[in-house]
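**Student:** Residue numbers (this note's numbering), protein chains in the order written: chain A, 1 to 488; chain B, 1 to 512.
Some hints could be false.
Unchecked claim - Beta-carbon label-pair distances, calculated as ranges:
#, chain 1, residue 1, chain 2, residue 2, range
1, A, S442, B, E396, 41 to 51 Å
2, A, K392, B, Q293, 26 to 36 Å
3, B, W397, A, K427, 28 to 38 Å
Calculated from the structure, these hints are not laboratory results. All C-beta atoms, glycine included, are put in the ideal place defined by N, C-alpha and C.
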Amino acid sequence: MIRSTLFAIASLVATSAIADIPKVDVHKSIVRITTTAQEPDYRVPWNPGSISTGIGAGFVIDGNRILTNAHVVSNGRFMSVQRENDPRQYSGQVKFIAHDCDLAIVTISDPNFFKTMQPLHLGPLPTIQSGVDVYGYPIGGERLSVTQGIVSRIDFESYSHSGADSHLAVQIDAAINPGNSGGPVLQNGKVVGIAFQGYSGDVAQNVGFMIPTPVIQRFLADIASGHYNRYVDLSVTYENLTNASARRALGLPDDDTGVLVGSVESDACAAGKLQPGDVLLSIDGHRIISDQTVELDGENVDLAEIVERKLKGDKVKIGLLRNHQPMEIEIELEPNNSYLIQANVFDEYPRFVMFGGLVFQPLSKNLLEAFQTDDLRVRYFYNNFVNDEIYKDHPQVIILSNILPDPVNAYLAGFRYQIVDEINGHKIRTLADVANAFDQTSDFYTVKFIGANRPAVLQRTAVQEAKERIKENYGVRLERNLGEETLR
Amino acid sequence: MKFLLSCNLLALLALSALAAETPSPTPQATPAMETHPSGAPKEQLATELKGGSVLRVNSTNQSYDFFRPWSKKAPFNRRGLGAVIDGGEVLVTAELVWDSNFIELEKPETGERSSAKVAVIDYETNLALLKPTSQDFLKDLQPLDTDTQVRVGDHLSVVQLEANGTPVSTEALLTSAEVGHYVLDDYSYLLFKMSCPLQYRDNSFTLPIVQSRHLISMLLRYDPRSQTIEAISTPVIQHFLKEAEHQPYQGFPSFGLSFSPTRDPQFRHYEKLSDSEGGIYVDDVEPNAPAAQADIQTGDILLSIAGKAIDPDGDYDDELYGRLSITHLITTLSYSGQKVPVTLLRHGERKEVDVSLFNRPPQDYAIDPYMIGRPPRYLILGGLVFEELSRQYLREWGPAWQKEAPQRFVYFDHYQADLFPKPRKIVFLSQILPNNDTIGYPQLNYMAVERVNGQPIYRLEDLAKAIEKPINGFHKIEFDLDPKVIYLDAAQVEQNAAQLQKTYSLPGLRRF
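I would like the entire structure built from these sequences, with the hints used as guidance.
**Tutor:** The structure is reproduced here in structure tokens:
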């Protein structure tokens, strides 16, 4: 108790002033997390899903909180947390979870749990070639394992948990295996990262990745509001201005400064502020170098890093040239939504509407992975959702994902995997529109699909007659989930 | 713990969306013929073909390289058999001789040879007529007849040649006749299926199929595992030969529409269709095609074509082959230039229209469905290689091109009637040949060009015209994908053009 208080004070006073930090006893900080998860099956969206158990690590930080990876606790139904050298198991609860940067905060309701625990403190971004220690429970072992590695590379990496986000990550040459996830990576007694992903053996060996402290600190700052707001994004594309002709065509001097805006997402925060063709010259006072980098703390980093460290509602100042006129604009940053179609979804039951044995679901990464459809239009809508601004007409792309065969839909098999355009003349933009359209009383329900003029027709009497039969035959627990029923 | 795995999402092409496939007529029993022990080759010397009704055809072909549109790929040989027919011509499959540089005919018994030229070629039905360059080459040969009809259940002979030139025939049973895919995607005609145990022999790329001295069919595909043949049917060959009598060759007609079945009783109630009539629902009408010109509209229910009633699956009753898709009625039993009467229902009212048939050539499409025997068009500007999108280009990705080729382009191709209703081409950047003009640009490819120097680009000619007027000395090229704009210094590009051509050994910087 006293020691831990002393520690907290020491770190408060010290931050980076004291070079020689006392050795920490990781055994008093690390925990082993066992999560029982239920993963929904998008092919049977009314089912609760298959149950599996996974093991990961976590560690105590200030405020009686346990920091771990989001993927260690995702889709969790029950979580037990163990300390080193303590036979007892404690029930844990997810307090905050950030799928876009694979981080989560877990709390333990038993107040005794934290009494003998020592919080770890966050350190800086480690330098290339420096050594680090990786702690965790690789391959599910009962006892704490430690391995050493060297910092090999610091760069933006894809975060595989969401599958659609890239953030700063540190590559180390220590093997990171299942069970290491969520474990702290220490240097000089401080946390410099959280082990979170690696390559499978046939791609590369002895390469592991950790989430560095700028990402962790941003997460902790974000949840300080009591809610996780996700990363913010300008939602624009920009291109290098390293070609000499391009620079002269735009009237730019030969000074390696500026990037060219290609497209501005019309439903995001830069819409109406930035325009295609703008030349971005500076961001928050940092000169933008023509290869899309800025100098930050003496190093050239991707210019996205400036926005990466900001929170929802923060502002960013951009200096630019528009039609050769210098301007300065300020943008209030917001999270982007449209890219989420390509991100894995966790912690919610699949959304769907079932009507006459026809199952309608919004297009998502989970849906595509479950059905593996090769339908060209579905793939196109998925891949070009952002570039072609498909979200304008279809904030949700509603697919006839499945047909539960029954006499009522005997001739409709050819419509599977088509994208819904209209039901009874009403444009369908979201799954809720589908539910509303089928709630209206009508003799016939006509479903029109994109690119097909012949509608699928369902007669109300036939649907009513089939309703209980289909529910019974296929074990359909509920006929729709519009997203009101969530897990946390 | 998650593992990073590269997971590229692949999109596949769903070929026929809703159009109902024709159910195949069931093979009929053939009591007249004696039965052979199964699997044993039913081969015999084809004495009736002695005297040279069949020739060896050796073709050296060289196709254009659509990735490097200024050059051709390595030449290769195809060896098949051709059937001598009336008029001093030799019938072969088009595939044997397409993109040919040199064709040689060889008399099997004497070994005498003559070079030959393609007189008529139809890529869609995969048929071609060859004419020998030495005038009297075919003089002493006996042509095969081409005016017989066969029925399902008939026994036919597949002709091959021994190494010494003796014709051998293998018995084949015609098991079914149905509309199916020939060699090019989207082109389907009446197909003969036969069961036949065929041996491998030289010159087997294509083989004539006969009944005594009557030419019945040409082999398209042989599956040695199931011992089945798919072959070009008699009506298609007869249509081709008749059409080939007149120049210019007009090709097989089509309606240019897609349809859906109307079998679903709920749909019939909704459309107020009586249960006694058949009919098909018109899903889409290709712009400028015969159906569109006859004012056939989306949503019309077609009840009959050329006096033949259409059932709810899109089949009619054929005199020779039973239930067949109306595709056969339109493309093969009718000819380009004819008017075909159609009865349809529109908003419950009966209408009669006449459809004037013609063949829509591949050049007429935004994305050419095939481009054979024609060089790809291109324009190179400052190392940027521009081409017009064609399915031939997409096919460069190999047999699985629908999965492997750039998915955006596969999508453009598949839905071109919807996406590009007006006549135009898709000009795209196929690659960049790195040079001093492009230094600093990333390796870019597969992006469609939208505008150049402010001018919209609908074909390569538009591009050629637009680059004559640079803006303040620069070419501004706008694409549909990031980076949306690329600039080139017009004077510098012109100055470097000769060097670029030399560096990459380009025969020319454009071909229209």
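**Student:** Confirm or reject each hint.
**Tutor:** Hints, verified against the model:
no.: 1; hint: A/S442 / B/E396: 41 to 51 Å; in the structure: holds, 50 Å
no.: 2; hint: A/K392 / B/Q293: 26 to 36 Å; in the structure: holds, 35 Å
no.: 3; hint: B/W397 / A/K427: 28 to 38 Å; in the structure: holds, 36 Å
Violated hints are absent here; each numbered hint is respected by the structure.
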